[in-house]
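Quick note: the sequence shown uses this note's numbering, first residue 1, plus one each step.
No wet-lab data here; the hints were simulated from the structure. Note that the structure is predicted; figures quoted are calculated from it, not measured. Treat each hint with caution, since some may be false.
[Unchecked claim] In silico DSSO-like links for lysine-lysine, alpha-carbon gap of 27 Å or less:
id, residue 1, residue 2
1, Lys93, Lys80
2, Lys161, Lys292
3, Lys38, Lys270
4, Lys73, Lys93
5, Lys93, Lys270
6, Lys73, Lys270
7, Lys270, Lys137
8, Lys137, Lys161
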Amino acid sequence: MYFRLSKRMQAKAFSRELYYYSAHGLCIASELVCPELKSRQPPQSEPDVTICFGHLSDQLPDCVYDDGFSQVKPGVYFLKLAGIARFLVSSGKNIIIQPDDCPHEIIRLYLLSQGFGALLHQRGQLILHSSAIHTQKGAILFLGSSGSGKSTLVAQFLRRKYSILTDDLCTIGFSDSTAPQVLPGFAQIRLCRDAIEHLGYDVRAMQRIWHKEDKYTLILSEELIHRAIPLHAIYLLSPSDVSEVLIESLSPGEQFELLVDNIFRAEYVKGLGIQENVFRQITNILNHRQLKRVRRPKSHFSMDQLSRRIEEDFNAQR
1 MYFRLSKRMQ AKAFSRELYY YSAHGLCIAS ELVCPELKSR QPPQSEPDVT ICFGHLSDQL
61 PDCVYDDGFS QVKPGVYFLK LAGIARFLVS SGKNIIIQPD DCPHEIIRLY LLSQGFGALL
121 HQRGQLILHS SAIHTQKGAI LFLGSSGSGK STLVAQFLRR KYSILTDDLC TIGFSDSTAP
181 QVLPGFAQIR LCRDAIEHLG YDVRAMQRIW HKEDKYTLIL SEELIHRAIP LHAIYLLSPS
241 DVSEVLIESL SPGEQFELLV DNIFRAEYVK GLGIQENVFR QITNILNHRQ LKRVRRPKSH
301 FSMDQLSRRI EEDFNAQR
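Assemble the whole structure, with the sequences as input and the hints as a guide.
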């Protein structure tokens, strides 16, 4: 046994004195208050996911992946962060947290990224490092490496009266009879100070993510869409040595490779033993929708111009 539940957690589990949320199509019961999640009423049946405090061991036995922080094996993920917390994610249903003397906003930073990413992978969903908005055409995905402008672009579309589906962590659902669906994620967006000032938000009303970074969380519960939306278009943001925004079509092989490259925490996939399922899901996406590359100048470009150029393109797609 590599964890045991605290007496407080056991009492709450039986008394149901938990906080209830919705995200990524799941009902979540949590002992930890999570303002980034959409609150909901307690369900009539058991929740899909339970987040509780407990005591965890120092090691995950028989792990098949270990980078010094994350340890993974089929069905189980363990994250150990000195001075912050330990997290155990198992069976796509349970998250146990052993916090250190650390602010809860830092604990939630890792819970809602690595922790939930592992849990969603365990549930067999396709998880992309992507942001998404809702349009009349359907869901529009923005892929790209950290710093490519995904969150800032979503914020720009919000200013233009679109709605957010997710930021940074994107869950794709599948059905035999319909196109892939984008599930609503967390009611938040993370922006650097420059983007905040450019977009006209008040940084004093936002929560700083981490003292080592000048980046902040904006809670967007009113702007978040709360239902699955069919996928319409996918764009990879690529800062480049170009003078204007260019949108390029790609070969099927390039599209497949780029989607693989943008799997959220791809190192989990091998440790969890789900490579075959992930590749099948990516093929499913590309059977319905194509991925395009958006090259934009590395500097001296207009976010408004970028959003309008992308808008023209996805409105032209059938």
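Can you confirm whether the C-alpha distance between Lys270 and Lys137 stays at or below 27 Å? Outside the cut-off at roughly 34 Å; violated.
Given the hint that Lys73 pairs with Lys270, test it: the Cα-Cα distance must not exceed 27 Å. 9 Å, holds
Pair hint Lys38 and Lys270, alpha-carbon separation not exceeding 27 Å: Measuring from Cα to Cα gives roughly 31 Å; hence the hint is violated.
Are Lys93 and Lys270 close enough, with their CA atoms no more than 27 Å apart? The given pair, whose Cα atoms are some 20 Å apart, holds under the 27 Å limit.
Is Lys93 within 27 Å of Lys80, Cα to Cα? 19 Å, holds
Restraint check for Lys73 with Lys93, where alpha carbons must lie at most 27 Å apart: Distance of about 15 Å is within 27 Å: holds.
Does the structure keep Lys161 and Lys292 at a Cα separation of 27 Å or less? Status holds; Cα separation ~24 Å.
Need the status of pair Lys137, Lys161: alpha-carbon distance at most 27 Å? 14 Å, holds
The earlier numbered hints that this structure contradicts are 3 and 7.
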